[in-house]
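*Asks:* Note that the protein sequences, when read in sequence, are chains E and G.
Numbers 1 to 114, taken from the numbering used here, label the letters of the first sequence in order.
Numbers 1001 to 1111, taken from the numbering used here, label the letters of the second sequence in order.
Please note that the accuracy of each hint is not assured.
Keeping only pairs whose Cα atoms sit at most 27 angstroms apart, straight-line, the calculated DSS-like set for lysine-lysine is [claimed, not checked]:
| no. | chain 1 | residue 1 | chain 2 | residue 2 |
| --- | --- | --- | --- | --- |
| 1 | G | K1057 | E | K106 |
| 2 | G | K1017 | G | K1069 |
| 3 | G | K1057 | G | K1017 |
| 4 | E | K77 | E | K60 |
| 5 | E | K106 | G | K1065 |
| 6 | G | K1071 | G | K1057 |
Simulated from the structure, these hints should not be mistaken for laboratory data.
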Amino acid sequence: GDSVTQMEGPVTLSEEAFLTINCTYTATGYPSLFWYVQYPGEGLQLLLKATKADDKGSNKGFEATYRKETTSFHLEKGSVQVSDSAVYFCALSMSGGSNYKLTFGKGTLLTVNP
Amino acid sequence: EAQVTQNPRYLITVTGKKLTVTCSQNMNHEYMSWYRQDPGLGLRQIYYSMNVEVTDKGDVPEGYKVSRKEKRNFPLILESPSPNQTSLYFCASTDRTFEAFFGQGTRLTVV
Chain E
1 GDSVTQMEGP VTLSEEAFLT INCTYTATGY PSLFWYVQYP GEGLQLLLKA
51 TKADDKGSNK GFEATYRKET TSFHLEKGSV QVSDSAVYFC ALSMSGGSNY
101 KLTFGKGTLL TVNP
Chain G
1001 EAQVTQNPRY LITVTGKKLT VTCSQNMNHE YMSWYRQDPG LGLRQIYYSM
1051 NVEVTDKGDV PEGYKVSRKE KRNFPLILES PSPNQTSLYF CASTDRTFEA
1101 FFGQGTRLTV V
């Protein structure tokens, strides 16, 4: 079945450091790809998404590019802030069919220190 | 404001005592779903609903029930909770671009 593998962390960075969280997927078709963020004590929020190969999703300084050839959707940010401390989830959803299920990776805890 | 509202946020209960977690959305989405989040396992889908009166099992449906009598509400029912259902539960409502909006979560402890 479909699956998502992401680096589990935890990841600890200093403020203004460069961030990469790797994410690869396995899917039988052409999924839509997402990054969700979960701040402490809150639900998940969509951070960015990409719906087809070579699309780049971006939001709040974060970026990820849908790479079909490497089945990857790595999350990057050039300069992290303390407020970026959260758990980040990579996810996919298959278009078509009756279930808009999100298949999630296990999450990566990011801590940014001042 | 677009939102998904779950209640309660925290619940401690005893084994076998029926409980319901409510979920309501104000975005007129047809699709809603429930997930549980466990350490080291990420989020897994319990049940989903494509529309009123249309529900189906997700990946981990055992021990749960749902109903969808109105478009905005999608309650999760545990008829006889057991300790292995101790978890963090999220309701989600999804639009036609597959963007999911999540509630704030319900932390359930079954003793």
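*Asks:* Hey, K106 (chain E) versus K1065 (chain G), does the alpha-carbon distance stay inside 27 angstroms?
*Replies:* holds, 25 angstroms
*Asks:* With the threshold set at 27 angstroms, check whether the alpha-carbon distance from K77 (chain E) to K60 (chain E) stays at or below it.
*Replies:* holds, 9 angstroms
*Asks:* Next pair to validate is K1057 (chain G) with K106 (chain E); report whether the Cα-Cα distance is within 27 angstroms.
*Replies:* holds, 21 angstroms
*Asks:* Are K1071 (chain G) and K1057 (chain G) close enough, with their CA atoms no more than 27 angstroms apart?
*Replies:* This hinted pair holds, its Cα atoms lying about 18 angstroms apart.
*Asks:* Run the distance test for K1017 (chain G) versus K1069 (chain G): straight-line Cα separation, threshold 27 angstroms.
*Replies:* holds, 23 angstroms
*Asks:* Going straight from one Cα to the other, do K1057 (chain G) and K1017 (chain G) come out at no more than 27 angstroms?
*Replies:* Since the Cα atoms of K1057 (chain G) and K1017 (chain G) sit roughly 22 angstroms apart, the hinted pair holds (cutoff 27 angstroms).
In summary, this structure violates none of the numbered hints.
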